[in-house]
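Modelling step: build the complete structure from the supplied sequences, incorporating the hints.
The chain contents come next:
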Amino acid sequence: MKSITSVVAFFFGSLGLALAAGTTPCFAQTDIHFHTVTGPMEAHIGGLAGHSSDGKTLYRRFCVGCHGASGDGNGENAIWFDPTLGFAKPRDFTLGVFKCRSTPTGALPTDEDLFDAVTRGFVTTNMPEWRSLTNQERANLVAFVKTFSTRWQTDKAGTPIAIPPEPPAKIESILHGRELFQKMECWKCHGSEGRGDGPSAATLTDSKGNPIRPYDFTTGERFKCGVSNHDLYRIFMTGLDGTPMPSFADNIKPEEAWDLVHFLRTLQVSIKTPELGTFRQWVSAHPGQLKPIGQEAPPGK
Amino acid sequence: MRSKSVSLLLPFVGLLAGSVVVVLANPRADSGTIEGKVTYTGTPPKMKPIDMAKEPTCAKEHNPPEMAQNVVTGPGNVLEYVVVYISAGGPPSPTPTQAARYDQKGCMYIPHVLPMQVDQPLQIYTDDPFAHNIHPLPKLNPEWNKSQPPGAPPIETKWSKPEFIEVKCNIHPWMHGYFAVLKTSRYAVTDNNGSFSLKGLPPDKYTVTSWQEQYGTQSQEVTLAAGETKTITFTYKVTPYLY
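Line by line, the protein sequences give chains S and U.
Here the first sequence is numbered in the working numbering, starting from 61 and rising by one per residue.
Here the second sequence is numbered in the working numbering, starting from 479 and rising by one per residue.
One or more of the hints may lead you astray.
Cut-off 25 angstroms, straight-line C-alpha distance, at most; resulting in silico cross-link-like pairs (DSS-like, lysine-lysine) [claimed, not checked]:
| # | chain 1 | residue 1 | chain 2 | residue 2 |
| --- | --- | --- | --- | --- |
| 1 | S | Lys216 | U | Lys617 |
| 2 | S | Lys268 | U | Lys538 |
| 3 | S | Lys351 | U | Lys532 |
| 4 | U | Lys636 | S | Lys216 |
Computed far set for chain S versus chain U, every beta-carbon distance over 12 angstroms [stated by the list, open to error]:
| # | residue |
| --- | --- |
| 5 | Lys116 |
| 6 | Ser130 |
| 7 | Glu189 |
| 8 | Arg255 |
| 9 | Leu264 |
| 10 | Tyr275 |
| 11 | His290 |
| 12 | Leu300 |
| 13 | Trp342 |
| 14 | Ala345 |
| 15 | Gln349 |
Here's a subset of chain S near chain U, in silico, CB distances under 8 angstroms, partners left out [as the list claims (entries may be wrong)]:
| # | residue |
| --- | --- |
| 16 | Phe158 |
| 17 | Ser260 |
| 18 | Asp301 |
Hints are computed from structural coordinates only; laboratory data are not their basis.
Glycine residues also receive a C-beta, built at the ideal position from the N, C-alpha and C atoms.
As structure tokens, then:
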């Protein structure tokens, strides 16, 4: 039986962190007392039903070292993740608060949302991707994760937000998106070039009080909550709950949201998106026409 | 019959004149009052001036700067912004239909502490020419985080479980307030004289509780006869540091 130690050590290894494997007790051999707060739970992913009773062993094997036996994110490896260096702490499942949701801010995610997050992993953090597990195994794990918070008994998962079809990423759409980036003040956190260095960036903390950095678009790194334009749409319309990243659903109209998506792609300068090509072409044909993004000069200047 | 109407002082007035929020108009003839002060012993922490340099409009508006509001004291060793409420006794209090109102104005929350009853409508307004994000940090209710750009309509919401909820704006990290979500609408917030008054209370044995964001809750039993007014004092031991 492969132990959690080697799994975890592998991820640390890839981060270049020295973890003395010998000092880590082997979870697979001790019987852990899980502190779950609900009865058995199910998860439904399409036609697939996951069962917490079947997820328990998988959790013990693959997840407990980070997320902990009571699901509070205080697994024994969690102390190695330093938020001041940009490494998020493992999610505390007892709160029932999740970052990647198709549902409005404040609502529980759908089972699919959790399934996708577990499958995809969180790049730029220590949360691995779990594509190596079968769909059934991941569905079982999602069901088990739900046993750590009574919110799954008292609240229903939210209804996914409606997303209209994506219009073509024409220059008008990109330029309007740029106006929204200014008007909605994304730049206060993400910076005028999307480098994650806006005026409010330095003081941001997540809801547990740990420092957190806004996403730096220029790196072109995958988003925590997906890769596609649809995922990007969802990210700012639902927000990343538990972090400073708010929901804009009340103030950006669905059609306009696509314009913002198209503009955000132009900030990912290191991956040369088609939107960036369109934008650069326009800018070189219209020199000096764009007002810089950021704090506007006070009136009268 | 007990009236449903709730008279909340306008939050703005509240901040200037001190917010003795008196609830339940048209009391019964035999109803009484519990009133008093919240005081402290010890040395309170010194509140620091708030640096709003990151939002120039606000820095200009608050000159001299506003002080932090974690522990607000007044002459005679009193504490302002302490919620005092009935935690037991009296008839059940119907959920007010009138919304509790929270304002964002000049990078400050007004009032600093807003009491409301469970399931009472809550409206959050912004008056500022730049965006805020409203980020309540509940433990029992669901946590959410919404952007509110200038000119946006009020956020309409409510809380379904009693809890003291810290509220933050991540863009302006000095913005810091509380929603006091209570099982009752018999509450008050101490004004700058540390005074509170709970009116319209029918005769009964009451538990009166006070809550201060740094120093937590305290309770007292008060038995009220018909038409009686009782004066009580809550005293907090304060420490010169914040935690």
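For each hint, the structure was consulted:
Note on Lys216/S and Lys617/U: the hinted pairing holds, with a Cα-Cα distance of about 17 angstroms set against a maximum of 25 angstroms. With a C-alpha separation of about 32 angstroms, the suggested pairing of Lys268/S with Lys538/U is violated against the 25 angstroms cut-off. Annotation: proposed proximity of Lys351/S to Lys532/U holds, straight-line Cα distance about 21 angstroms (limit 25 angstroms). For the suggested pair Lys636/U and Lys216/S, the alpha carbons sit about 17 angstroms apart, so the restraint of at most 25 angstroms is met.
In this structure Lys116/S is separated from chain U by more than 12 angstroms, as the shortest Cβ-Cβ distance comes to about 26 angstroms. With a least CB separation of 16 angstroms from chain U, Ser130/S remains clear of the 12 angstroms interface cut-off, as annotated. The beta carbon of Glu189/S is kept farther than 12 angstroms from every beta carbon of chain U, the shortest such distance being approximately 26 angstroms. Listed as outside the interface, Arg255/S is consistent with that label: its C-beta sits roughly 17 angstroms from the nearest C-beta of chain U, beyond the 12 angstroms cut-off.
The beta carbon of Leu264/S sits about 6 angstroms from the closest Cβ of chain U, which is not more than 12 angstroms, so the claim that it is off the interface is violated. Every CB of chain U is more than 12 angstroms from the CB of Tyr275/S (nearest about 14 angstroms), matching its label as outside the interface. Taking the minimum C-beta to C-beta distance to chain U, about 20 angstroms, the non-interface status of His290/S holds against the 12 angstroms cut. With a minimum CB-CB distance of about 8 angstroms to chain U, Leu300/S fails to clear the 12 angstroms threshold, and the non-interface call is violated.
The Cβ of Trp342/S lies farther than 12 angstroms from every Cβ of chain U, with a closest approach of about 26 angstroms, so its non-interface assignment holds. Listed as outside the interface, Ala345/S is consistent with that label: its C-beta sits roughly 31 angstroms from the nearest C-beta of chain U, beyond the 12 angstroms cut-off. Annotated as non-interface, Gln349/S keeps its C-beta farther than 12 angstroms from every C-beta of chain U; the closest such distance is 24 angstroms. Annotation: interface hint on Phe158/S violated; nearest CB of chain U at approximately 10 angstroms, more than 8 angstroms.
Because the beta carbon of Ser260/S sits about 5 angstroms from the nearest beta carbon in chain U, less than 8 angstroms, this interface hint is met. Given hint, Asp301/S at the interface with chain U, holds; its Cβ is 6 angstroms from that chain's nearest Cβ, closer than 8 angstroms.
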